[in-house]
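Now for the letters of each chain:
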Amino acid sequence: MSEESKKGKEHPLSIIINEAVKIFTELGFEVATGPELEDIWHNFDALNIPKDHPARDMQDTFFIKGETDKVLRTHTSSVQIRYMENLVKSGGKPPFAIIAPGKCFRNEATDATHEMQFYQIEGLMIGEDIDMAHLKGTLSYFYKKILGSDVDLRFRPSFFPFTEPSIEFDLKFNGKWLEMGGAGMVHPNVLKNCGIDPIKYQGFAFGPGLERLMVIKYGMPDIRPAYQGDLRFNQF
Amino acid sequence: MKVSYNWLQNYFEERLPDPEKLADGIIFHSFEVESLEKVGDDVIFDIKVLPDRAHDCLSHWGIAKEVKAIFNLKLKEKEYKNFKSVSTNLNIKIESEKCFRYMGRIIRNIKIEKSPDWLKNRLETIGQKSINNIVDTANFVMFDLGQPIHCFDLDKLESEKIIIRNGKTGERITTLDKKEINLDESILVIADGSTGSPQANEVLAIAGIKGGMKAEVDNNTKNIIIEVANFDAVSIRKTSKKIGILTDAVKRYENEISPELCFQVMNEITNLILDIAGGNIEEIVDIYPKKLKQNTVFVSVEYINKRLGTYFLKEEIESVWEKLGFEYEEENGEFKILVPLLRIDITGPHDLAEDVIKILGYERIEGKLPKIEWSPKMNEKFYNISVARNKLLNDGYSEVMTYSFRNGGNVEVLASASDKNFLRINLTDGLEESLKLNQLNAPFLGMKEIKIFEIGTVFDKNKEMMHVAYGDNKNIVETSLENFVSEKIPTDYFDKKVLPFIDLGQNFEEQKFKPWSIYPFISRDIAVWIREEESSETLKKLLIENATELLVKEPFLFDSFTKEGKTSYAFRLVFQSFVRTLKDEEINEIMAKISHKISENSSWQIR
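From first to last, the protein sequence lines stand for chains A and B. Using our numbering, the letters of the first sequence correspond one by one to residues 1 to 236. Using our numbering, the letters of the second sequence correspond one by one to residues 1 to 607.
If you are wondering where the hints come from, they were derived from the structure by calculation, not from laboratory data. Check each hint, because a few of them may be wrong.
Claimed, not checked - Which bits of chain A does chain B cover? Going by a derived footprint, with three or more residues having C-beta under 8 Å, they are:
1. 12–23
2. 75–86
3. 102–113
4. 124–131
C-beta: ideal position from N, C-alpha, C; glycine also.
Chain B on its own, in the form it takes in the complex (with noise of 0.2 Å):
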């Protein structure tokens, strides 16, 4: 969500912590900050509202409440002015229990106008299209407490009657954006309440979701309906889902906002309306079938140091509450705390201890390794792929993952990132391309002959399976691990009690990676007679130090063999560059250079 710093600061009197400080505040105390970008003399916060606070956090309010807590400053009151309200004949009426609460007011008379230039542009710098006052002001408010808000063009209904029912098959509504949408009796709609004429009970919104064209509010409207509602969560989620509309309204919703909020929201709303707008304002109607019970939840000072392995003061836990803004009640070290209505993710004293370390900070934890009094034991599963492993590693294969996802099988993903829809039957044919891949680069490996092998898990109807494969260019073999353990590993393997590892020898810690190129190798074999009493080493010094950087890698001995007092020494050596392709003709010229080299000897002979 895109918060505004200047947006935010409105909320306090004293100056707020520079835009970096503020982001690393919210980051180690609240939601991770994605980005922070300039927009005029304005910081745009780009925060990850976490799932469990996205109903009461995905404004700026909601923002403004976290930082007041992390910097333990003091939000500023929102002052209302007073207006008087005539009576209404406003009728609403819930006909689904999706709607859990409906609250409306008719404001008459409002001059649809551009928006100020301040309501303008707090929008435009959270990226907000402004299309005028009224539209604007509904946007802002939501984007301020998070709050959705719709208002309705009162002179396009046939009446003063709001119904909120479920769709019906054959139904269909013209969204705000001109789509057409197929209604049906999972769908929950905001209806016009009048009968009798044909337009009567048309509906003019989706609940939750998106508006109609019907009641748009548009240039020539002079009377509104401002909607504050509160609908259940799946229900807009699974209808935001179903036809493929997501508004920053499904957003807040599908989170399950409070009803308690509609409140403060409407009053809002009213008092900017009055101020940007103008008009009378009617008496608000609100429909709350079932009023929210304020939670109660108990924890202790002592719950709260066992489960953080901290030790906190009551003290300190006692200032969590208060920048909280909590009501609680503490008897020797136990606090009964009266959990906020617009705070539904509070359910239990777990997820106080999760608000106290958060405020309080999560370095005071100080890391200690756990002793507990149990015998592990060995997991059989994982001990046999070990001992798979390793026996086919000393036989002198090479380990390879493939793919588990594959063109063809018995097991098939509903939809994928990718065009392999299906999950692999066998570790076969991935060790077959795999093969191929790696005799191409037979001599940049510096291996006589491939042979690789894999453990995985491959897949058939309604089961999968543990499978061992593997092979060089002649033959793949797969076999399930229980069998290749069973025939290939002498039994009194399994008397071990501990896993058998191949030993990483002292240099673990500095290994790196290296990278290789994108572009083509070329390798070159030379042998040269060398007296046997001679060591190899001295010529493959003089073949690296004559090679140039193309060289990539050590060359490599892959044949040698002795023979009336002088031996054969093979080597390989391979050529290849970073940045471009070689040409044979330069390498042939390094070629030359080395054999130059070795001629030089006169006890040395190039084969």
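Looking at chain A on its own, in the form it has when it is part of the complex (with noise of 0.2 Å):
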């Protein structure tokens, strides 16, 4: 038997993973980690999503019975809360560039593209002058290292609360549009909750699906195999 058969299979997820943070951490970005389990503050309210405000619809969002503090968390963007405060407390301050990779999880009825729980790739850089052409350059250039240079990127509006402007960002991959994920420049609210200063800082932050790039890159029919423990899903 050769050395290669007895090696275990990795998840797709992970390779998606581990490929997304190695393109990533070669342009100076950080992974910075988060829990699941999040308080409301770190979700929503330092996110600028104000309570009983229609944004907070549109996430479907798992409460914790007896706890009215817990979330599981919604997105990554917690996760830049937590490292910006924790930068601040430390007495750190910008420029910073982070990567979380991470588990998140929506109340929602299941089908082919979508999971109860799933991986987003939250990127956030803060600076003195980091804008919109960045975070075009950055998407650019994280899509096309990992599909193929043969990609194409466009902006559409879109609105998150946490960032202004907001947008929604396609890949032309083998010829067609697909709907990858959203972003935009943080909104100075979240910097301000998290004692940064938002006259002279400002950046980008971005959230896209990895269950999403998984089955447009390995060309995936359907998620939901993804966490039913099938090794049949582990091709790569």
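Using the supplied hints, reconstruct the complex from the two chains, each of which is provided in its own coordinate frame.
Laid out in structure tokens, this is it:
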């Protein structure tokens, strides 16, 4: 038996996450992590998503029984807040750039493109002059690296309470435009909430889903086998 | 929101671009257009108005203003007829801070009829039912201007007095759709303002959400009160959720409409009613305790370009203010913008930067890579996960990911779209199920032994932990990530500064996923003695050539040994169809054919 076949097979999402982290760390990003069971402040309030605002409805949140302050994080954007709070607490300041791949949860019915649990990769770069052109350049670089040079990127208007302007970005891959995820310039309120001066500093954030990238990259028809513990899924 | 192309066209003298082009413009400058549907001679757009613009764009007028700015068109002036209004005895009292403005007007001697065809048609093309000329007019104006309106039958009130107050526990209302709703102090209501009689102070409507039967406009209605009001968005939203009624009015109110919209709306509906139902108009009663103040925002050309990474000229930015109808002053590249009273989303220069790029177009941003001066650190948790994963992969374990949700545990979610309401307390339970599944598929997987692992978060009361679990059909080991790493990984591993990733090789870019069939597979083993010096490849090739298209995987060599100058090679063949369940007999036939082919080679022998 060859050495090759004795090695175990990695889960395709891990391959995608590792490849993404490799590309972004080469660009100078640092990996950041945070809890999956989050508090309301980090998942909503600090991200400029006020209580009783329709914007909270955009995300079908899992609340926790008996704990009014806890939710399963609906996005990795909460890691932004934790990173910036810690940075400020330890006397640090921008510039910085982080990448946070992590599991998120939304309470919605599952189908071929939706799961109740999924991975996002959050990116955040803050400096004195980090602008939207840098956002476009960074995303473009990343997708060309991971999907091949024959991809095109475009922005469309969108809304997220934690970014302004907010955009949705599409990729042209194999001749077709595909919705990939959301991004934007970090809202001044978010920086303020973390103790960073929003007049001096600005920057971008993005948070595309990784299952989406995985199914596009490998041409998968359905994301559901990803969490069924089925080794037939580990083909690479 | 459904938007009619013909309805939009009414806002313009010029011909609108054709529907596809119009949709494209809206998609790249304003909102997602989910679908275009031909309805009669009209085209209906389903537009996903974004939450930050729902206060001024959930209407044909709102979308028309966007279209005007996107395509640089001119909006037609609306023409309102002159009418005389006579003095009124209508008395309106606001007793709750949740009502920001209440505008009422009595119209007497109207004639309730079927709506004229044009009005019926407008409503029906966007999926609304036509009821009568008064109800339809109120609905039409809401979909036209974005402001909900309610009409009461004046003669069903005890007096010409209306009071806006908090509900009382014990009070009830029967809504227009005949639902009984129990009220309480948190619910804002519109009530009859009279006192004395048993019917006095009765609730007429749940403010901003739904009217009641008591003052319903019906076929005998002669005199009406028109309500054009503004209520607290959070209160409307909470009440709507509490009583389980979500109306088109709620969808607008919960997004915080500007109270400044009321006057124009009252004007438009009065005009329409006069046109369609006739009547004598009384003066408007307008209770507006705190008038909305106009906001001023300063923004510079430099700020906009710095945030967007663009090189827009002052003139281009000015053209955006013109297209959006903003009043502004400019001095040395700095603009003072008088924010339109209906644009309550604009609070700072960052909001204006978005308006600029939306109108000028996101394609104007040219991507460039950023450079920052800083030293990124290694994230310990992520590093440990990578190290643990690589260790297990190298030891022959394959990685799985199982669901975080289970039937039992110590942390429960409040509500779930699935039947699993608990967060997993361990990885072992998921791994056990995974092992069972994969053992059934072992021949398919070409594995002698199933060995799997998972690295993931588990949850206990008040804490979450990163665990590592790995195992085979004999036994599963689960431990914390820290323990696993400190016990299993040599310490010198951690001197490395680079994340330890498995090399993906050269063909990472071309890999394509192969879906599997849902039908059962059949596996057969065949072992053949071959002269020691001969390669097993010849045999493998023969197997592939004769196993037909039902062979779903390359033959898997699961055993080989050499004795007396001959080697025995044992291959496993897996057969499966994507369209049906295979029969044993047909596989027997294929195997017989293969045996026959093998026996043609005199030096080979089937074991």
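A quick look at each hint next to the structure:
For the region 12–23 of chain A, the stated coverage by chain B is satisfied: 8 residues place a CB nearer than 8 Å to a CB of that chain, which reaches the threshold of 3. Check on the region 75–86 of chain A: 0 of its residues sit with their Cβ under 8 Å from a Cβ of chain B, so the three-residue criterion for coverage is violated. By the rule of at least three residues with a Cβ nearer than 8 Å to a Cβ of chain B, the coverage given for the region 102–113 of chain A holds, with 6 such residues. Counting residues of the region 124–131 of chain A whose beta-carbon sits less than 8 Å from any beta-carbon of chain B gives 5, enough to reach three: the coverage restraint holds.
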